[in-house]
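Student: Add chains Y and X to chain H, keeping to what the hints say.
Protein chains in written order, with this note's numbering: chain H, 1 to 335; chain Y, 1 to 308; chain X, 1 to 342.
Honestly, the hints are just simulated from the structure, not real lab data. Since the structure is predicted, the reported quantities are computational estimates derived from the model, not experimental observations. C-beta atoms are modelled at their ideal positions from N, C-alpha and C, and glycine is treated no differently. Be careful, since some hints might not be right.
Simulated coverage check for chain H against chain X, where a stretch passes if three residues somewhere in it have a Cβ under 8 Å from a Cβ of chain X [what the hints assert, rightly or not]: (1) 98 to 111; (2) 173 to 187; (3) 234 to 241.
Footprint (simulated), chain X over chain Y, 3 or more residues, beta carbon under 8 Å [as the list claims (entries may be wrong)]: (4) 145 to 152; (5) 235 to 246; (6) 280 to 288.
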Amino acid sequence: MTETSSPLLEIKDLYVNFAVYGGDLRVLDGVNFKMYAGERIGLVGETGCGKTTTMRAVLRVLPTPPARISEGQVFLEGRDILKMKEEELSHVRGKSISMVFQDPTAALNPVFTIGKQMEAVIRNNLLEERKNDSRQVRSVAINALQDVSLADAERLLESYPVQLSGGMRQRICIAMALTTNPQILIADEPGTSLDVTIQDQILRLLRDLVENRNMSVILITHTLGVVRELTNRVYVMYAGSIVETANTERIFQQPLHPYSKGLIATVPRLTGGGIANGIPGHIPNYHNPPTGCRFHPRCTQVAEICRMQKPPLIEVEQNHSVACFLYSSEQKVNL
Amino acid sequence: MDSPKTLSMKPNYDIDYIKQLEHNSRREEIGRNWYKFSRNSLSITGLIVVVAVIIIALLAPYISPYPAHAGPFTDFANAKRPPNLTYLLGTDQIGRDILSRIIFGMRSSLLMGVVVLTLVVPPGVFLGLVAGYFHGTWIDTLIMRITDIFLAVPPLILALAVASVLKPNLWNSMMAISLMWWPWYTRLVYGLATTLRNEYFVTAAEVTGASTAHILFREILPNTISPILTKMSIDVAWVIIIGSMLSFVGLGVQPPEPSLGTMIADGSKYLPDQWWIAVFPALAIVVIVLGFNLLGDGIRDMFASEES
Amino acid sequence: MSMVKFLIQRIVYSVFVLLGLSIVIFIIARIMPGDPARMAVGARAPQWVVDRLREQMHLNESLPMQYYYWLSDALQGDFGLSLITQRPVTNDIKEFFPASLELALFAASIAAVFGIGLGMLSARYKDTWIDNLVRLFSYAGIVTPSYIFAILFILIFGFALNWFPVIGRVSDNVPLPEKISGLVTIDALLHGQLSTFGDALWHILLPSLSLAMGSIAQAARITRSSMADNLTKDYIANMRALGVSEREIMSRFLLKPSLIPTISILGLDIASILSVAFIVESIFNWPGLARYGMNAMLYKDLNAISAVILVFGAAFAVMNIVVDIIIAYLDPRIRLRSARGD
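In isolation and in its complexed conformation, chain H is listed as follows (with noise of 0.2 Å):
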């Protein structure tokens, strides 16, 4: 993907923290993000490592009471989205940025009609003239139904969330987030609570609109399978800060942070290397995170600096950058 002069999105520095009993979790630790127009990115980590917290907190729909900004910048076409009043807001949620939910069955009201819930989002983005013509609003539900291969659109707009099967619902949700027309669609690991091949037959779907519209899209997972297929750059994320980005394709070849070296070395290769053993020890606490690099612990080519400084993300080639004291110019480690 070419670089056009300025990111349509950008996430510098992102802190946040979430206060519970006995303290506060420092779940993101400084993430910086860019996307430009166009392009699609894919945001991987294990569960829990802050990539719905990081999306959530780019629109600001975190709790807020447990969950806090404390530091950051979140920059949409140069305007910061934490700064920015409801009014202005209101214009980003749907109309700019859209969100897929990652569980269907939560996202959705249990005790209103699909339909109701729908036009709701509908009206609430239409241009003002248009807003209260139900007839229009409900013939761009029908369309967005179909649009995500729904039959009978009609029924499905009387139907209630319980009556619908996972798959059904998954694509309700999706079509939802597009009849706002967002320049961005953010998808947090779509049909991870489905069965395998209705997940499949949801990626597809994702894949064929997103190449029919024009819109960038962050698509969250922690599958490589499927940042391989559909993305054409990747962010890797860990315990609440990016630790490599770089395109789809360099990152399978070449990945340079030791937590992408484990992650790609876990897909199942057909030849040669057979099923590897994994990362040893487990995602930090929360409450008391490592020191210096989050990653230290479990790190095969730790090094005094590690434990003690936080490395920062370095450019190592064009579009790959690494945050690895094994890649800093300064601190060259001999191995």
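Tutor: Chains Y and X alone, transformed into the frame defined by chain H:
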């Protein structure tokens, strides 16, 4: 819910060692639970109040200033006196010391709570266990249908009806209340048992040939203890309230024995001028009920926080 | 299953329960020592009168037969004569029931409106002083029995402040409006007698408030926690993320699911208001059925007791059905899922 501490299938370890482990973990659990409980000052308040009430009730004849006033006693010369130094809470319409009568009244209230629960909980829980474990069979249907009939009656009506056909006294009112109370425990335990019987530890016990009695009482029952305990502590308060309503109407403790309900009923005739005759017994009830409720909430919080 | 089927199922179930209740009442009444016929005519009536009456009352036949006669009479509206008032119990019921109904309806409305309203307020201003005040009040309301509130209100609002009257349905000098529904407030409105309406309203406020306090507290508590819980749910975050206005989310998409547990509990509470009413009716000298029933129980007026219990039982059942319908309307999951075991 927490998995049980009992082991149904014991491999070839030293039995005593395992028993020691269980004992220690139970001790630790009690210690942990107490720690959780004690951190909530409201629960501690509830506990203190309840303990105080129990002590007062037990020592009633010894600590009340005029124990004779709790029986047949009249002193019209001193009737309807407002609170003063001789009669700390005043006297009622016959001249009896209100403080002493309240102390003795607490006694019958507590007695009622304890007796009713003792009568109600074992059969109620037992029926719920049986119905829940045999979910789907005729045993279940029979037990639950009868329970439903009792539950469908408006709460007080049954108690009033029964109390009205029997001779009015403390014992009969307790029977009446018990008759209407047991279904709540059956329903509570039934709901728990139907879920629990699908758990693995039950299947494991069945497979190893444990008797039904063992499964019911040693496997399922221990896991229902916390909701039952919570309900019991809050129920004492409710039984006391309902008991006071029965005596208000004249169907409970008979005069001249004191009961908080009758004292309030009598006292309400003398509002507002001799307000103390009704207000102090009412306060007494509020304090007792508040204490048990706080205690019950504390117990519930203690068990609930385990799950989060 | 559809609403109609659901409704029919519930009605049939209630009928069975009421039948069961009637059997229980009947058995209890017959356990009573003493001869009902003798009690009806008094101690001085000659024996042959008593025997004749026994024939008439079918007292010499088997218990099941007696039940059959009693039930068939009851279904035709004949519950026999009241020992106390010496007139058909049915008349007594017709006279006193509307008063209790009026009280219960007022209490229910107050409970619903203020309970849910306070709960919403508490949730909106969560963790501020408003919230804490409401929570404290709720706790006090839940643990205090209604008669204590009655006494409290009488002392404070009735006597100390003298804002409200404390006895009866209307003041002594105010004539009752002609009876249409039996509910004095409604009847006064229907006749356009505004001053009577005001007077009746003033009289009903304290007793219904006493009855409603517990329910208000309970409803406020549950509404608050329900809304607070649902606020963090994904379906709210989803709406927010897709640009739906905060106002619409709060008033529509948060409120409806949060009301469901509230209305379940509120419904149960309200349904039991009738049975707890007797103490409040006593204290306020309210001429209602609960007080009538209470007297019947004290004087062992069997016919009246049985009738009152059945009436309250039926009212309770109806209330439960209404609540079930409302909940089924609010929560489609209940009527759309296939029936599971209880």
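Student: Hint by hint, say whether it matches the structure.
Tutor: To see whether the hints hold, each was checked on the structure:
no. : hint       : verdict
1   : 98 to 111  : holds (count 10)
2   : 173 to 187 : holds (count 4)
3   : 234 to 241 : violated (count 0)
4   : 145 to 152 : holds (count 3)
5   : 235 to 246 : holds (count 4)
6   : 280 to 288 : holds (count 3)
Of the numbered hints given earlier, the model fails hint 3 alone.
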